Amino acid sequence: MRGRLPLTATLLGCLVLLVVAMTLGVAVGSVALSPGQVWRVVIDHLAGHPHNSVADSIVWQIRLPRVLLAAVVGAALTTTGAVVQVLVRNSLADPYLLGISSGASVGATAVLLFGALAGLGLWAISTGAVIGAFAAMVLVFAVTQRNGHLAPTKLLLTGVVLSAMLSSVTSYLLFRANPQATQTVLFWLLGSFGNATWQQLPIPALVLLVAMCPLYAQSRGLNALAAGPEVAASVGVDVPRMRRRLFVITSLIAGVAVAVSGIIGFVGLVVPHIVRLVVGSDHRRVLPVGALFGASFTVIGDLLARTIVSPQEMPMGVITAFVGAPTLLVLIRRRPHLYGGAE
Amino acid sequence: MIDIRSVSVEIDGKTIVDNATVHVPDGKLVGLLGPNGSGKSTLLKTLYRVRKPGAGRIELDGQDLLAMPARDAARRIAVVAQDATLEFDATVAEVVMIGRTPHKKGLARDNADDHDTVISALERVGCAELADRSIHTLSGGERQRVFIARALAQGCDHLVLDEPTNHLDIRYQVEVLEIVAALGVSVLAALHDLSLAGLFCDAVYLMAEGRVIADGEPAQVITVPAVRAAYGADVLVVEHPEHGTPHLVPRRASATRQTPTDSTPI
Numbered sequence: 001m002r003g004r005l006p007l008t009a010t011l012l013g014c015l016v017l018l019v020v021a022m023t024l025g026v027a028v029g030s031v032a033l034s035p036g037q038v039w040r041v042v043i044d045h046l047a048g049h050p051h052n053s054v055a056d057s058i059v060w061q062i063r064l065p066r067v068l069l070a071a072v073v074g075a076a077l078t079t080t081g082a083v084v085q086v087l088v089r090n091s092l093a094d095p096y097l098l099g100i101s102s103g104a105s106v107g108a109t110a111v112l113l114f115g116a117l118a119g120l121g122l123w124a125i126s127t128g129a130v131i132g133a134f135a136a137m138v139l140v141f142a143v144t145q146r147n148g149h150l151a152p153t154k155l156l157l158t159g160v161v162l163s164a165m166l167s168s169v170t171s172y173l174l175f176r177a178n179p180q181a182t183q184t185v186l187f188w189l190l191g192s193f194g195n196a197t198w199q200q201l202p203i204p205a206l207v208l209l210v211a212m213c214p215l216y217a218q219s220r221g222l223n224a225l226a227a228g229p230e231v232a233a234s235v236g237v238d239v240p241r242m243r244r245r246l247f248v249i250t251s252l253i254a255g256v257a258v259a260v261s262g263i264i265g266f267v268g269l270v271v272p273h274i275v276r277l278v279v280g281s282d283h284r285r286v287l288p289v290g291a292l293f294g295a296s297f298t299v300i301g302d303l304l305a306r307t308i309v310s311p312q313e314m315p316m317g318v319i320t321a322f323v324g325a326p327t328l329l330v331l332i333r334r335r336p337h338l339y340g341g342a343e
Numbered sequence: 001m002i003d004i005r006s007v008s009v010e011i012d013g014k015t016i017v018d019n020a021t022v023h024v025p026d027g028k029l030v031g032l033l034g035p036n037g038s039g040k041s042t043l044l045k046t047l048y049r050v051r052k053p054g055a056g057r058i059e060l061d062g063q064d065l066l067a068m069p070a071r072d073a074a075r076r077i078a079v080v081a082q083d084a085t086l087e088f089d090a091t092v093a094e095v096v097m098i099g100r101t102p103h104k105k106g107l108a109r110d111n112a113d114d115h116d117t118v119i120s121a122l123e124r125v126g127c128a129e130l131a132d133r134s135i136h137t138l139s140g141g142e143r144q145r146v147f148i149a150r151a152l153a154q155g156c157d158h159l160v161l162d163e164p165t166n167h168l169d170i171r172y173q174v175e176v177l178e179i180v181a182a183l184g185v186s187v188l189a190a191l192h193d194l195s196l197a198g199l200f201c202d203a204v205y206l207m208a209e210g211r212v213i214a215d216g217e218p219a220q221v222i223t224v225p226a227v228r229a230a231y232g233a234d235v236l237v238v239e240h241p242e243h244g245t246p247h248l249v250p251r252r253a254s255a256t257r258q259t260p261t262d263s264t265p266i
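Going down the list, the protein sequences come from chains G and X.
Residues 1 to 343, numbered by our numbering, are exactly what the first sequence covers, in order.
Residues 1 to 266, numbered by our numbering, are exactly what the second sequence covers, in order.
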């Protein structure tokens, strides 16, 4: 189509951006490394003969898993954000809207404060978050569905109301806890990749890869659904079934992402908007470009989170909201017809 | 050919469409008339499977529509529905390309055929030059024509239109119906404006409270008693001075005519 960059060129550009962002993410820090050093360590490891050096342990043990996890979570949040926006036909929606994040918060807070699931060690927080997220998802689904139909407005409203309720549970737990524990919980609630390890990577990466396939395969259906449920039905899409599927898939991805990173706000809201402005609304472009761009966005965000107030770390959610909110405001001002200001 | 036979639809235990039978011959434009809430939209929704009829049968060229898989049905019958809200930005060509959905497997890319179909669909509604414009920048009339092009891109012989002239200025109302009447496919259109229906439709069905209360050529159906029965409105029906079709003239409660005179002081 004229007026748009070819998809391959766009994807290639995003891939280059991601590689640069990730290289920077690994190279920059309290011990600065050159991109060459970074890649040498990576290549050595991939070739199977790693060297025992300081650079090696910094790159391979500390920074690389963190950067990779940031990339996976960024891709996951952007993908789910774009899909949830279509699911509820509202461009203000984000992956946390449907109660996932607040459910995860209750689960993680319970683990952090009361040592629930302590037997699971390192995995306790993630497991608590996943259980909370999925419990919230089931609850939202159960309240909203009627004969298997998920009405978008009802879904949105149920998600918002349930989130408020679950947030009050989290607040109550925090209120009852001691101040040190509260600090830990607050840090988790605002999102961070500070505890990233190689062990955390496979599950979210696998979930994202596996879940991307059915979403991508339904891009045409997503386009039709974005144009309206009746349009989708008229071109042969089984709308109720598609909505159920989208709901379950996005909840799964978002739940797993929240479990490993806490609640990183705004990525899933802003990045799909930026991507749609650049590549249009065709989800065959939005999904792959969004995944790559979202990954770069989060990797750079994490880099800022580590370096801005070094040696301390800022929570991710602070960075993403601080960068994301003004970006969205600019978009709203520049493209009023997209945001209900044309009349 | 679209054959709706004795179709009834219930929503939440309430009968919305009651034993409706509508026949659309090949290549004809048939109007579905009736006041708000008479069941027009609901009846149309059974044709694109948003509503399931509780009773009755729907056939396309003799084939049972309701037994067809959704994708197959979407290759036979296309719809321009009423929900024209646009949440996301898209170019006109992208909007029309949505019409190709039932012809494409999951990951199949758009090929030259698809692009040709999109362009020729846009040409048929006179919007070829709009292909790269954002759908948000179009006028109401242009937008409606683009939605018709999307339905045409489905490559169907049957078309359903739910109030295609709603919210349009008179110029666009006529323009859209001229285009629809010239398409040469079987069209069933719910229409609000009885005079326009009289002007363009080959046949009309008049609905009231879920039932078809009259059908036939516009001149036979659009009559003073029928309009009173269906709409509860007291109107005059005159003959269109150029086309001889029925034309509605609304009346005021007081029947006295005020004759303007040249000497009326301003």
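Possibly wrong hints are sitting among the right ones.
As the list claims (entries may be wrong) - Rough simulated footprint, nothing fancy, chain G against chain X, three-plus residues with beta-carbon under 8 Å:
1) 47-59
2) 180-186
Unchecked claim - Some residues of chain G that are not near chain X, with every Cβ distance over 12 Å (derived):
3) Ala32
4) Leu113
5) Val210
6) Val237
7) His273
Stated by the list, open to error - Calculated cross-link-like contacts (lysine-lysine; reagent style DSS-like; alpha-carbon spacing at most 30 Å):
8) Lys154/G <-> Lys14/X
9) Lys52/X <-> Lys28/X
10) Lys104/X <-> Lys52/X
11) Lys154/G <-> Lys28/X
Note that these hints are calculated values from the structure, not bench results.
In this text the structure is predicted, and so the values were computed from the model without any measurement.
The beta-carbon is built from N, C-alpha and C at its ideal position, and this holds for glycine as well.
For Val237/G, is the shortest CB-to-CB distance to chain X above 12 Å, so the non-interface label stands?
Per Cβ check, Val237/G is inside 12 Å of chain X; nearest 7 Å; violated.
Compare the distance between the alpha carbons of Lys154/G and Lys14/X with 30 Å, and conclude whether the hinted pair is satisfied.
holds (22 Å)
Against the 30 Å threshold, does the CA-CA distance of Lys52/X and Lys28/X hold or violate the hint?
holds (25 Å)
Holds or violated: is the Cβ of His273/G farther than 12 Å from all Cβ atoms of chain X?
violated (10 Å)
Compute the least Cβ-Cβ separation between Val210/G and chain X, then decide whether it is above 12 Å.
holds (16 Å)
When I compare C-beta atoms, does the segment 180-186 of chain X have three or more residues closer than 8 Å to chain G?
violated (count 0)
So Leu113/G supposedly isn't at the interface. Is its beta-carbon more than 12 Å from every beta-carbon in chain X?
holds (40 Å)
Are Lys154/G and Lys28/X close enough, with their CA atoms no more than 30 Å apart?
violated (40 Å)
Separation of Ala32/G from chain X, once the least beta-carbon distance is taken, above 12 Å:
holds (42 Å)
Need the status of pair Lys104/X, Lys52/X: alpha-carbon distance at most 30 Å?
Holds, at roughly 25 Å.
Are three or more residues of the segment 47-59 of chain X within 8 Å, CB to CB, of chain G?
Coverage by chain G holds here, the residue count being 3 at a Cβ distance below 8 Å.
Taken one by one, the earlier hints fail for this structure at numbers 2, 6, 7, 11, listed in ascending order.
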